[in-house]
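> With chain D fixed as given, assemble chain P onto it according to the hints.
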Amino acid sequence: MDNVSANLYPLLKQVVGYIFPNEIELHWNLLIVVYPYITGLVAGAFILASLVKVFKVREVQPTYRLSLLTALAFLIVAPLPLVVHLGHPERGFEMFLTPSTSSAMAMFGFVYAWYLMFVLLLEIWFDYRHDLVVRASTEKGLKRLLYRVLSLFSHDISMKAVLFDKKAVNIITIIGIPSAFLLHGYVGFIFGSVKANPWWSSVLMPIVFLFSAIVSGIALMLLIYMIVSLVRKMEPDMACLDKLASFLFYMMIVDFALEGLDFVHRVYQSEESIQILSQLISQRLFVSLVVLQLLLGMLVPLFTIGATKVFRPPDELRRLIYFISALLVQLGIFTTRWNVVMGGQLFSKSFRGLTAYKITLGGLEGLLVSLGFLILPFLILFILIRVLPPWGEFEEEASQ
Amino acid sequence: MKKRDEEAVNKGRRGFCKFVLLGTCSLIIPGAAFGVTQKKPAAGAWYGTTYKPTEHLYGMGIQVDRCIGCGRCVDACKKENNVPDEPFYFRTWVERYVIAEDGEVTVDSPNGGRDGFKGPISEKRVLKSFFVPKICNQCEKPPCVQVCPVGATYKTQDGVILVDPEWCVGCRYCIQACPYGMRFLHPKTRTAEKCTFCYHRIVKGLNPACVEVCPTQARVFGELGKIASPLSRFRRVNKISVLKPHLNTEPKVFYADLDMEVR
Numbered sequence: 001m002d003n004v005s006a007n008l009y010p011l012l013k014q015v016v017g018y019i020f021p022n023e024i025e026l027h028w029n030l031l032i033v034v035y036p037y038i039t040g041l042v043a044g045a046f047i048l049a050s051l052v053k054v055f056k057v058r059e060v061q062p063t064y065r066l067s068l069l070t071a072l073a074f075l076i077v078a079p080l081p082l083v084v085h086l087g088h089p090e091r092g093f094e095m096f097l098t099p100s101t102s103s104a105m106a107m108f109g110f111v112y113a114w115y116l117m118f119v120l121l122l123e124i125w126f127d128y129r130h131d132l133v134v135r136a137s138t139e140k141g142l143k144r145l146l147y148r149v150l151s152l153f154s155h156d157i158s159m160k161a162v163l164f165d166k167k168a169v170n171i172i173t174i175i176g177i178p179s180a181f182l183l184h185g186y187v188g189f190i191f192g193s194v195k196a197n198p199w200w201s202s203v204l205m206p207i208v209f210l211f212s213a214i215v216s217g218i219a220l221m222l223l224i225y226m227i228v229s230l231v232r233k234m235e236p237d238m239a240c241l242d243k244l245a246s247f248l249f250y251m252m253i254v255d256f257a258l259e260g261l262d263f264v265h266r267v268y269q270s271e272e273s274i275q276i277l278s279q280l281i282s283q284r285l286f287v288s289l290v291v292l293q294l295l296l297g298m299l300v301p302l303f304t305i306g307a308t309k310v311f312r313p314p315d316e317l318r319r320l321i322y323f324i325s326a327l328l329v330q331l332g333i334f335t336t337r338w339n340v341v342m343g344g345q346l347f348s349k350s351f352r353g354l355t356a357y358k359i360t361l362g363g364l365e366g367l368l369v370s371l372g373f374l375i376l377p378f379l380i381l382f383i384l385i386r387v388l389p390p391w392g393e394f395e396e397e398a399s400q
Numbered sequence: 001m002k003k004r005d006e007e008a009v010n011k012g013r014r015g016f017c018k019f020v021l022l023g024t025c026s027l028i029i030p031g032a033a034f035g036v037t038q039k040k041p042a043a044g045a046w047y048g049t050t051y052k053p054t055e056h057l058y059g060m061g062i063q064v065d066r067c068i069g070c071g072r073c074v075d076a077c078k079k080e081n082n083v084p085d086e087p088f089y090f091r092t093w094v095e096r097y098v099i100a101e102d103g104e105v106t107v108d109s110p111n112g113g114r115d116g117f118k119g120p121i122s123e124k125r126v127l128k129s130f131f132v133p134k135i136c137n138q139c140e141k142p143p144c145v146q147v148c149p150v151g152a153t154y155k156t157q158d159g160v161i162l163v164d165p166e167w168c169v170g171c172r173y174c175i176q177a178c179p180y181g182m183r184f185l186h187p188k189t190r191t192a193e194k195c196t197f198c199y200h201r202i203v204k205g206l207n208p209a210c211v212e213v214c215p216t217q218a219r220v221f222g223e224l225g226k227i228a229s230p231l232s233r234f235r236r237v238n239k240i241s242v243l244k245p246h247l248n249t250e251p252k253v254f255y256a257d258l259d260m261e262v263r
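First to last, the protein sequences are chains D and P.
With the numbering used here, letter number 273 in the first sequence gets 273, and the count goes up by one each step, no holes.
With the numbering used here, letter number 96 in the second sequence gets 96, and the count goes up by one each step, no holes.
These are calculated hints, taken from the structure and not from any lab test.
Please note that a few of the clues may not be correct.
[To be verified] Restricting the straight-line Cα-Cα distance to at most 20 Å, the calculated cross-link-like pairs of lysine to any residue (SDA-like) are:
#1 P:Lys78 / D:Phe126
#2 P:Lys244 / D:Ser273
#3 D:Lys195 / P:Lys78
#4 D:Lys13 / P:Lys244
#5 P:Lys78 / D:Val4
#6 P:Lys188 / D:Tyr9
#7 P:Lys244 / D:Gln269
#8 P:Lys188 / D:Gly366
#9 P:Lys244 / D:Ile276
#10 P:Lys188 / D:Ser5
#11 D:Lys167 / D:Val231
#12 P:Lys188 / D:Asp2
#13 P:Lys244 / D:Gly366
#14 P:Lys244 / D:Phe118
[Stated by the list, open to error] In silico contact screen, one side only, chain D against chain P (beta carbon under 8 Å); selected entries:
#15 Ser5
#16 Asn22
#17 Ser102
[To be verified] Far from chain D, by Cβ distances over 10 Å, these chain P residues were calculated:
#18 Asn111
#19 Phe117
#20 Phe130
#21 Phe131
#22 Pro143
#23 Pro149
#24 Val169
#25 Gln176
#26 Pro179
#27 Thr189
#28 Arg201
#29 Pro215
Note that the structure is predicted; figures quoted are calculated from it, not measured.
C-beta: ideal position from N, C-alpha, C; glycine also.
The following block holds chain D by itself, in its conformation from the complex (with noise of 0.2 Å):
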C-alpha cells in the first residue's frame, strides 16, 4: 500500500455522519492555506507602500521602500507552495504553455508574471535607480559589477533623468494598485467561483480576500518596520507607526463589516446548506473560527488599537501594543485562510457529514516544508536590504 492511501485509514474512524467515499482525502492542505497567505501580504505590502506614492500619505513614506522589498520577497515565494503541491510539478509549466481560457487558475501565471514583471520589479527598479547607478561608480570589485547589471548599465542621473524615474514610479503606482486587488482578489475567485461548495462559493469571497490582504500587509509592515528599526537601533518613527496603526484599525473594521455581511447573509438565506455548515463551524472549527480568527485576530486588536487612539498611552505602550495587535492579526489572518481553504474540505459535499485533516510532520506537503515557505521570504527579505538598502544616504536624497 502506498503511503497516501495508509495515512487515510486513521481518518476513517473521525468521519462523522456520511462522506462521499473519495471525500476522505483532502485536496488542498497546509500549502494551500500558506499560498493565498503570502500572495495576500504581497497585495497589501505594495497596496501600503501606493499610500506614499498615490495619495501622499506622507508620514508612512519611512515604509515604503522596505514595504516594496518586503512585497518582492514574499510574491517570489508566492508560486512555490502551489508548484510543490501539484500531482506532478515538473508539468507546471504547462499552465503557461496550454493553459485552459476557461480556468481561473489557468490565469495564475500571467496575474503573476504581469505583477512581477510589470509593477514589482519596474517600480523598484526605477525607484532604485539612481541608488544604483551611485553605488555602481562607488563601489568596487565584484559588487561595482552587481550594481552596474541591477542597474541595466544605465548612469545618467541629471536632473531629467531623476524626474523621469519618479514619473515613472508614480505610473507604475497607478497601474499597481489595480493590479494588487486582481492578484488577491483574484485568489478569492479562484474559491469564490466553486459552485459546488457552499463554503467557498460567495460573491462577497475576492473582496473579502482583498481587505483581509490588505490588513495582514499593513500589519505584516508594522511588524518589519518596528524589527528593522530595533536591529538598527533606531527609534521608529511614531508618526510613521501611529498612521499605520490608523490604517490598520479602519482596514479591520472594512474587513470586519464585510465578513460579518457574508455570515449575516448565509444565516438568513439559510439555504440547504446550512445546517452542515453550522455544524463545521462548532463541530470543526470552533478554535480556529471563533477563537483565533474572530476574538484574537479580529476582536482584540480592533479593541486594543482602538484604545490607543482614545487614550494616548505614552509612545513606549503604544509601541508595545501596536506590536502585540499586529501579530495577533498576523495569526487571525492566517488563521482566516486556514478556515477559508480547510473548511471548504471538511464537510461533505452531500451535506451529511464531516471529515477530518491530519497534520503531518515530514514529507513535501508536511508541517516543515510549510514553514520554510513561511520563513523563506524573509530570508529573501534580509538580503533584499542588504543589496538595495530601503533607507541611507541615497534615500534622502531620492525622496525629495
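Frame of chain D; chain P shown alone:
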C-alpha cells in the same frame, strides 16, 4: 556631449521597456496559441477508423428501486479500470439510505458498497430504505472541465468527460469543482481519475462494466440522441430526475424513483 548621453540613456530605457514587453509577449503568445490549437492526443488515440464519436451521445439511466445493493457494479468497475483497492478511491459506488419514521435519514456506503451492506444502521423504526448507485454524471456543462487549468480534462464529442493522465498536472481543482464527489487523485500516478463510462468498452459497442454485471438491470446505458435506444425508452416511461439540478451542470445520468433525500 551631455545631451547625447541623455538621449542614449532615454533610448536605452525605451529599449529596456520594449525588451521587457516583447520578452513577456514571447512567453505568453506562443503558449496561448499552442494551447488553443492543441489537439488532445488521447482523443485521437481512442477513435479507431470505424468509430465516429459524432454519431453518439452517451448517458445512463438508473432505476433506484431495482438496486439491491449487492455492490457487484463497484467491484466490476474497480477490476475493469484498475482502480486502487483501498476504500478511498471509487469511480462508482452504492449508497444505502435508511429513513426512520421520525424522519431521521441515515446514509452509509461501507467500502463504497463493494462488499454489500450488512446489518441495520439505525435502531429506530424504519419508514423506508433504498440503495442509490452513484457514478460520474458526465455533465453537459461540467464544472471539472471548466476549471482544469491545462485542459487535461475534457468533454469528448460523444459526451463523455475524460482525463488525459499524460497532461494532468495534479492540481486537484477539478476534484474541488465536482459537486458530486466523483473524482479522486490516483495515489500512484498522482493525476485526477474518474468514471469514463468504460470508454475503452463503449467505443467497441460494449456496455460499461457496471452495467454489464448488474443482476437487476438497475443501470441502463445507451444513446441519448436515438429515439429507439433503451435509454430513450427509460427516459420516456419513467419520471426522471437528476442530482443537484440547481447547479445547472445538466447531468447525463438520469434517475428514476429518486427520493428527495439523495444529493
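> Compare the structure with each hint and give your call.
Hint check results:
Of the supplied pair hints, the one linking Lys78 (chain P) and Phe126 (chain D) is violated, its CA atoms being roughly 60 Å apart against a limit of 20 Å. A C-alpha spacing of about 12 Å is found between Lys244 (chain P) and Ser273 (chain D), which places the hinted pair at or below 20 Å, so the restraint holds. Straight-line distance between C-alpha atoms of Lys195 (chain D) and Lys78 (chain P) comes to about 29 Å, which puts the hinted pair past the 20 Å bound. Using a Cα cut-off of 20 Å, the hinted pair Lys13 (chain D) and Lys244 (chain P) is violated, with the two alpha carbons roughly 28 Å apart.
A C-alpha spacing of about 18 Å is found between Lys78 (chain P) and Val4 (chain D), which places the hinted pair at or below 20 Å, so the restraint holds. As the CA atoms of Lys188 (chain P) and Tyr9 (chain D) are separated by approximately 17 Å, the hinted pair is consistent with the 20 Å bound. Distance restraint check for Lys244 (chain P) and Gln269 (chain D): the Cα-Cα separation of roughly 18 Å lies within the 20 Å cut-off, and the hinted pair is therefore satisfied. Proposed proximity of Lys188 (chain P) and Gly366 (chain D) is supported: the alpha carbons are some 19 Å apart, at most 20 Å.
Using a Cα cut-off of 20 Å, the hinted pair Lys244 (chain P) and Ile276 (chain D) holds, with the two alpha carbons roughly 16 Å apart. A threshold of 20 Å between alpha carbons decides the hint, and for Lys188 (chain P) with Ser5 (chain D) the separation of about 10 Å falls inside it, so the pair holds. About 33 Å separates the Cα atoms of Lys167 (chain D) and Val231 (chain D), which puts this hinted pair outside 20 Å; it is violated. Our distance criterion of 20 Å between C-alpha atoms is met by Lys188 (chain P) and Asp2 (chain D), whose separation comes to about 7 Å.
For the given pair, Lys244 (chain P) sits about 35 Å from Gly366 (chain D) by alpha-carbon distance, which is inconsistent with the 20 Å threshold. At most 20 Å may separate the alpha-carbon atoms for a hinted pair to count; Lys244 (chain P) and Phe118 (chain D) exceed this at roughly 43 Å. About 4 Å separates the beta-carbon of Ser5 (chain D) from the nearest beta-carbon of chain P, less than 8 Å, and the hint is met. Checking Asn22 (chain D) against chain P by beta carbon gives a least distance of about 4 Å; that is within 8 Å, so the hint holds.
Hint status for Ser102 (chain D): holds, given a least beta-carbon distance of 5 Å to chain P, under 8 Å. With 10 Å as the threshold on Cβ separation, the claim that Asn111 (chain P) sits away from chain D is violated: the shortest Cβ distance comes to roughly 8 Å. A cut-off of 10 Å between C-beta atoms confirms that Phe117 (chain P) is not in contact with chain D; the least separation is 13 Å. Against the 10 Å criterion, Phe130 (chain P) stays outside the reach of chain D, whose nearest CB is about 15 Å from its own CB.
Listed as a non-interface residue, Phe131 (chain P) keeps its Cβ farther than 10 Å from every Cβ of chain D; the least gap is roughly 14 Å. The Cβ of Pro143 (chain P) does not lie farther than 10 Å from every Cβ of chain D; its closest approach is about 6 Å, which violates its non-interface assignment. Chain D draws Pro149 (chain P) into its interface by the beta-carbon criterion, the shortest separation being 4 Å against a cut-off of 10 Å. With a minimum CB-CB distance of about 4 Å to chain D, Val169 (chain P) fails to clear the 10 Å threshold, and the non-interface call is violated.
Not every C-beta of chain D lies more than 10 Å from that of Gln176 (chain P), the closest at about 6 Å, which undercuts listing it as non-interface. For Pro179 (chain P), the requirement that its beta carbon stay farther than 10 Å from each beta carbon of chain D is not met, with the minimum near 4 Å. The Cβ of Thr189 (chain P) sits about 8 Å from the closest Cβ of chain D, inside the 10 Å cut-off, so the non-interface label is violated. Distance to chain D confirms Arg201 (chain P) as a non-interface residue, since its nearest Cβ pair spans about 22 Å, more than 10 Å.
In this structure Pro215 (chain P) is separated from chain D by more than 10 Å, as the shortest Cβ-Cβ distance comes to about 22 Å.
Of the numbered hints listed earlier, those contradicted by the structure are 1, 3, 4, 11, 13, 14, 18, 22, 23, 24, 25, 26 and 27.
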